[in-house]
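Residue strings, one per chain:
There are 2 protein chains.
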Amino acid sequence: DVGIRDYMTSHRTIQLPGLVNIAAFVPGLVSRDSNDLQEVTKASIAAGFSMIRVMPLGKDGSISDAKSLKIAQHNSKRGEYCDFNFSVTATSNNAHQISYVADEVGSLFIPFNHLSDNISKVAAVEAHFEAWPAHKPIITDARTTDLASILLLASLHNRRIHVTAVTTKADIKLIALGKEKGLKVTCDVSVYSLYLSQNDYPGCDFLPTLEDQAALWKYLDTIDVFSIGSLPYQLAHFLQKPTDVSVGIADTLPLLLTSVAEGKLTVEDITARLHDKPKEIFELHDQVGTSLEVEIDRSYKVPSTEFWSPFAGATLKGAVRRVTFQDQVVCLDGAMLSVVPRGNDMSTHGAMPALPVVS
Amino acid sequence: DVGIRDYMTSHRTIQLPGLVNIAAFVPGLVSRDSNDLQEVTKASIAAGFSMIRVMPLGKDGSISDAKSLKIAQHNSKRGEYCDFNFSVTATSNNAHQISYVADEVGSLFIPFNHLSDNISKVAAVEAHFEAWPAHKPIITDARTTDLASILLLASLHNRRIHVTAVTTKADIKLIALGKEKGLKVTCDVSVYSLYLSQNDYPGCDFLPTLEDQAALWKYLDTIDVFSIGSLPYQLAHFLQKPTDVSVGIADTLPLLLTSVAEGKLTVEDITARLHDKPKEIFELHDQVGTSLEVEIDRSYKVPSTEFWSPFAGATLKGAVRRVTFQDQVVCLDGAMLSVVPRGNDMSTHGAMPALPVVS
Ligand SMILES: [Zn+2]
Ligand SMILES: [Zn+2]
Ligand SMILES: [Zn+2]
Ligand SMILES: [Zn+2]
Ligand SMILES: [Zn+2]
Ligand SMILES: [Zn+2]
Ligand SMILES: [Zn+2]
Ligand SMILES: [Zn+2]
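Protein chains in written order, with the working numbering: chain A, 1 to 359; chain F, 1 to 359.
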């Protein structure tokens, strides 16, 4: 058992590795002098995420060329509280251009459904498969026939592909089928999709239906990674709730730990999907001196704050007690300590496959 | 050289095998007591087609269950002038049901773009791949992402798939890529698409653009089969021209033979795509005592008749002189002889793969 007993309070505390959010949504990503990345990294580290992979799409634009990447990099100089990396987003005609910035980013994102950006032509996607360096990850949010389409291209090019924010039964089944047949496909599901459905918020068609949600749980073995993504932000926007850029981040681990308390998940299910697999799929460096202590038995009511959460008032089990980043305690009992931000841009690191050792 | 010289007229006459139209459009296919199939078989044999594979979609409905198949079979009892077979069309929810009629038809057609019928959900298509007998052909008219989607399913299920009426550069390139990577995909192009474009008929978006058309010719090696399909009918309808069900059939061979005279095709290119490959892909029986004589050198002007052809008035080279069906001459110099219709329903024949011979 990974847990230790704290006899003073009789609640179980366990140690976890620093978590990875593979799909962090930063609304002002490419807005000049936006503070959003700093706020997102602050909320992330406080919630146990010591590494975030920033989605290349913000509310007002995306990283789709060297210029927009420069803006995002400039904004990241304000001081970030956890490590991060950037990706670049594919458009219908930037395949050639962005191959030049490949070394400066962690992956290529091919959007089909995200806010303003999407690619609908097979030929445009094909151009990206041709131009993007073979060893670097490709991520997509494609659904239904678009998903099948990009899986075909990945198969024909013998490329790995990661599908983000899977929401429906049909898509998770297609991915399961692909895996069974040897496709190099991995996927993540947004944690909100595991706990909220269109039943809770009628008309919210970016949430799963109850049937979809049941399928996501049923196909848990097919889900490589749990993510946060833009779903919390989309939901807040849909419901016209007052919110900030950190929406959903703090909810993530408590929701999953509550499922552990209920016997629906194991701690290993969580660490596999928020640490091991993210590191493996996206070839991330392990973070030395970084860990968290979480309490997993005590029930508590999620407080209502000025920022909306769909779980305010709900009873959850599981809270982050202590976060250590680079051998320094940065967060204690939910309160951020006064520390100098030490997060690094890890975009350029670890994407090259290890060379085989000739013995 | 397959040709022989006719010294009386000094024009070259060659013998061809009976041709196959793998995608015959019969408007009244499932209309009670329609005469359309008889008319289409009559026009077909006169134009050199001794076998037609009837598309399961008519103007007013499709063969999508046992009942509509019965109507088509009943209509075929009027006497058909060439051999024919039926297929069945997939709908969103008939996968289980039509597996029962699989033995009575030549193939399954999965429509994405055809008139009223189409399937847009991966799950529905997947259900058909699961239910349809593994040895029987599947045809689709899917395009762009739908095409990629169905190719993925075919790949994952290790099934052969035939794509009919390819029209665009993107699609023919995707098929070429698939073939290169070992996908079991074959395709046909409607002959009208090789000779007519949106340049000739602006707004006709079911015709290729000039760029698409150039790509079709460039990727000739990727095209397994030339077809007639519903394109001539669609064009006549779009232009509101007076027409009948045989539209486009008589144009087919003269157009292709004219390209032979111009050095753009060989006679072997034609027989491969109108006889050899159709037989192979759709496992059709060879037709004994069936052949045609065509003249390939003399220029003539396509006459204007009461029925519209986009080629009326054009100068073509190549005409069908004599058609022999089941050892009987049925057509001479373009005139149908008074013969008893002897075409057979070949739907149930030849779909089983040959058993390996154990020696
Ligand atoms: Zn600045
Ligand atoms: Zn390629
Ligand atoms: Zn390293
Ligand atoms: Zn680690
Ligand atoms: Zn009758
Ligand atoms: Zn299947
Ligand atoms: Zn036989
Ligand atoms: Zn033959």
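One thing to keep in mind: the hints can contain errors.
Since the list can't tell identical chains apart, any single copy or any two copies may satisfy a pair.
As the list claims (entries may be wrong) - Using 30 Å as the maximum straight-line C-alpha spacing, the simulated DSSO-like pairs for lysine-lysine come out as follows:
{"id": "1", "residue 1": "Lys70", "residue 2": "Lys169"}
{"id": "2", "residue 1": "Lys121", "residue 2": "Lys179"}
{"id": "3", "residue 1": "Lys70", "residue 2": "Lys173"}
{"id": "4", "residue 1": "Lys169", "residue 2": "Lys184"}
{"id": "5", "residue 1": "Lys59", "residue 2": "Lys264"}
{"id": "6", "residue 1": "Lys59", "residue 2": "Lys317"}
{"id": "7", "residue 1": "Lys184", "residue 2": "Lys173"}
Since the hints were derived computationally from the structure, they do not count as laboratory data.
Evaluated hints:
1. When the C-alpha separation of Lys70 and Lys169 is checked against a cutoff of 30 Å, the pair qualifies neither within a copy, at 39 Å, nor between copies, at 36 Å.
2. Proximity of Lys121 to Lys179 under the C-alpha cut-off of 30 Å is found in both arrangements, the shortest distances being 25 Å within a copy and 20 Å between copies.
3. With identical chains, the CA atoms of Lys70 and Lys173 are never at most 30 Å apart, being 39 Å at best within one copy and 36 Å at best between copies.
4. When the C-alpha separation of Lys169 and Lys184 is checked against a cutoff of 30 Å, the pair qualifies both within a copy, at 20 Å, and between copies, at 28 Å.
5. For the homomeric pair Lys59 and Lys264, neither the shortest alpha-carbon distance inside one copy (35 Å) nor that between copies (54 Å) is at most 30 Å.
6. Proximity of Lys59 to Lys317 under the C-alpha cut-off of 30 Å is found in neither arrangement, the shortest distances being 33 Å within a copy and 62 Å between copies.
7. With identical chains, the CA atoms of Lys184 and Lys173 are at most 30 Å apart both within one copy (15 Å) and between copies (23 Å).
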